[in-house]
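For reference, the chains in residue letters:
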Amino acid sequence: MDFNLSPESKMMVKAAKDFCEKEIGPIIDEIIEKDDYPDDLLLSFAKARMLGLNIPKEYGGVGTTNLNTILITEELGKTGSVCAYPMLMNNSTAETIDYWGSEDVKKEFLPPLCDGSAYASTAFTEPGTGSDPRALTTTAVPDGSDFIVNGTKRYITGGNKKGYGVFYFKDEALKGEKGDVTAFIVDKSSEGYTTSAPWNLMGLEGMNCVDVFLNDVRVPGSSILGERGNGFKILLRWIAGERIQQAAYMVGLGQAALDESVKYLGERVVGGKPMGFMQGFQWMLAEMKGRLEACRYLTYRAACLQDEGNAIDIDSSELKVFVIPAIQEITRMALQIHGSYGYSKEYKVERLFRYAAHAGVVASSSEINKTIAGSALLKSRR
Amino acid sequence: MNIIVCIKQVPDVTEVSWDPETGSLIRKGIPSIINPNDKNAIEAALQLREMNGGEVTVISMGPSQVEEALREALGMGVDRAIQLTAKQFAGSDTWATAYTLGLAMKKIGQYDLIICGKEAIDGMTAQVGPQLAEYLGLPQLAYAMHIEVVDSKVRVKQKLGDLDRLLEAPMPALITVEREAYQPRVAPMDTILEAYGKEIPVWKPDDLNGEVENFGLTGSPTKLRKVYTPKLIKGKIEMLEGGPEDVARKFIGKLKEKYIL
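In the order they appear, the protein sequences are chains A and B. Numbering of the first sequence is given in numbering that gives the first Met the number 0, commencing with residue 0 and proceeding in unit increments. Numbering of the second sequence is given in numbering that gives the first Met the number 0, commencing with residue 0 and proceeding in unit increments.
Only chain B is shown next, with the shape it has when bound in the complex:
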């Protein structure tokens, strides 16, 4: 069984700065990590390989330092890695990212499952996985808590609030994995050493046979108008005391005082 895992390299900070022109993240000088949720996706793929055999390929689009994330994934035990790096890919929104990844999937050709993390901690759109499934015309099974392969079909236990759903689809299919599922393993030391002996091919637009205007910022239908940090409003906090009815009455009175009611 051949599995492809899509990963994203994200900044390892909670506060980031933005390029006001493009609305893109400024990554310079900020340490990067594999998007935490994507590590769950890698772990899911490794466990499926351990049960069903086959090969796990990890793929990532990003600047040249994305190689670091791919090496880390190899260190966790994936078999091979593919890097998508070119200046034409820069500034991609979720659509352009899914388009580029989709072309790469077509180039890879043979796969049974594509697994993604549910969402990235920087953008938090949770769109790339589903968009990639749409682009490739694959069944999509999102928010997976558990994955198993039975009789050439994939079954996913999905958590939706208080509901658990059991989904089944023919393969190939695309799955997105929840943060709580498949806690990533500690990269074994011998696999880390092997990871640095492996070659990582770098694919560029010419390798993907795509439409140039669909790549990167020019191919992105989402245009960020403005990125800003909301201003915090400072003021005094007044605690209303008493029983529920009394406090409600006082609260209504305060709202009237301020002409809110």
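Next up, chain A with everything else stripped away, as it sits in the complex:
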């Protein structure tokens, strides 16, 4: 593993920074206020060729490495906003389709996810389950060469935006078999597909996270992703990649919290001197930086493991167990450094602190990842 980034990686990071300044910075406040992102945001990502980053060029992607994708994601995380969510969701969903899809499925669904004409979603969670495939209640019933799907999906990011989603249903024809969950690519403009108003989520204003109601929605059999009954396996692989992506975003967010703290301690004057002269604050900065660098390199390592073709289910869980609380602590320290200003919405650290809080429960909870990582260690002893 080479820790020196290539010149092209550095330039991609520079371009991502440029994108954040030009395209995201000016609209963050509006997104938070309206609790919605503008429809042309995804097109801006497409124009900057930030969609389909690790998708082969023949399907409209960029064809770069997971490490470069993670470096770009880290830069976007510095905005401490949901602005990158449409891009992240398109990329992770497209990667899943690319990995599991047939040639026909790839040709049909990957180009719109790469050119920004379709918003992606991934839908597993339901009102009664977040991780347990046995508890799924949404169903897919064969009807000729099609399937009829029914049920409710919860917390579906971009579920109310035009495009496609990978949905996981109980495959009624496989009832009683060990694997009875099948993944389908559902057109979100299908008849019978409706959504709730967006959930009001802490720190995630504008994420367009909705409930999806499926009422006799007809899905063609050609939209099945991978093998029937293989759905949970597809989900687990997707969510492992999602954990690395989330860690990268959080590293960027932690960097923003540190940058804001350094700036504040250099500007705020106490007793005629900048506040940073106090040793207590210097120690806090040192702790923040040390933790941040550890998180950063663990995240890069996980991306490199992906690029080398290794399974990342356990490593990504270990990553989440370490990175999320570390970054949450960094944002807490940043808020503390800012004193009362840290609680003000006028200051960026307030948003960073609230945003960081979600990471322990989204893309699988920190606790379930401890179980995955810990039980893997015990299994390896047998």
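These are calculated hints, taken from the structure and not from any lab test. Backbone N, C-alpha and C fix where the C-beta goes; we use that ideal spot for every residue, glycine too. Treat the hints loosely; a few may be bogus.
Covered stretches of chain A (chain B as the covering partner; in silico rule of three or more C-beta atoms under 8 Å from a C-beta of chain B) [unchecked claim]:
#1 42 to 52
#2 177 to 186
Distance condition first, Cα-Cα at most 20 Å in a straight line; then the derived EDC-like pairs of lysine to aspartate or glutamate [what the hints assert, rightly or not]:
#3 A:K232 with A:E125
#4 A:K56 with B:E193
#5 A:K9 with A:D306
#6 B:K105 with B:E212
#7 A:K56 with B:E54
#8 B:K197 with A:E7
#9 A:K13 with B:E212
#10 A:K16 with B:E42
#11 B:K105 with B:D189
#12 A:K46 with B:E193
#13 B:K86 with B:E193
#14 A:K9 with B:D11
Since the structure of chain A is already known, use the hints to place chain B on it.
The following block gives chain B in isolation, referenced to the frame of chain A:
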């Protein structure tokens, strides 16, 4: 349509140090960027190519690290890049720079437009573009806010203070672009990857058929006598209060007190 864009790599800082002997910038250890105004020139060229077809070539003279700036321009989407790097080019003033670039233009041969940024943030002379036009005998259209090609001629909307002027010239011509025009695009990720697969030829004096004595510091008629930071004069500020006439009277009195009047 073939367009050549001239760019300069400049230090990414507001405070720089100087070599007291040559009066040149000390670049060592300072991160470098494409001169911001030159990025507007690149953007103008890319938009003209998108409308009229053709090819955009970017050219830059500077030390070996100028390759980095050329790669960035390729990342933005220009088709090819040419680097002018040789120790003989070091220390060039605007005349020697225009001379060297002019020789390179002659070597390239086929072009319809040369586009430059209005000025560089380090020297701020705004001379190289016009000097290059003079050297090549081209019509020059400076301070462009908008460029279009109509019936094989180039039209430029130029902003001069409160005045807007519409200029037209036959091609080839040289244009300098204003900072407010043609906001540079975000370099697309796929183009960045392609940028590193392209070869950048490095041209030296022997490639340009020029007079050796006209290159670099020896060929530069501008000699810097001294580069220094003006000293700040410290003192008390006294605010005069009252109506305009009263304050004017007090001010005259103060000037007399100090024997200034």
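Please name the hints from earlier in the document that this structure breaks, with their numbers sorted from lowest to highest. As far as the earlier hints go, 2, 7, 9, 11 and 13 are violated by this structure, in ascending order.
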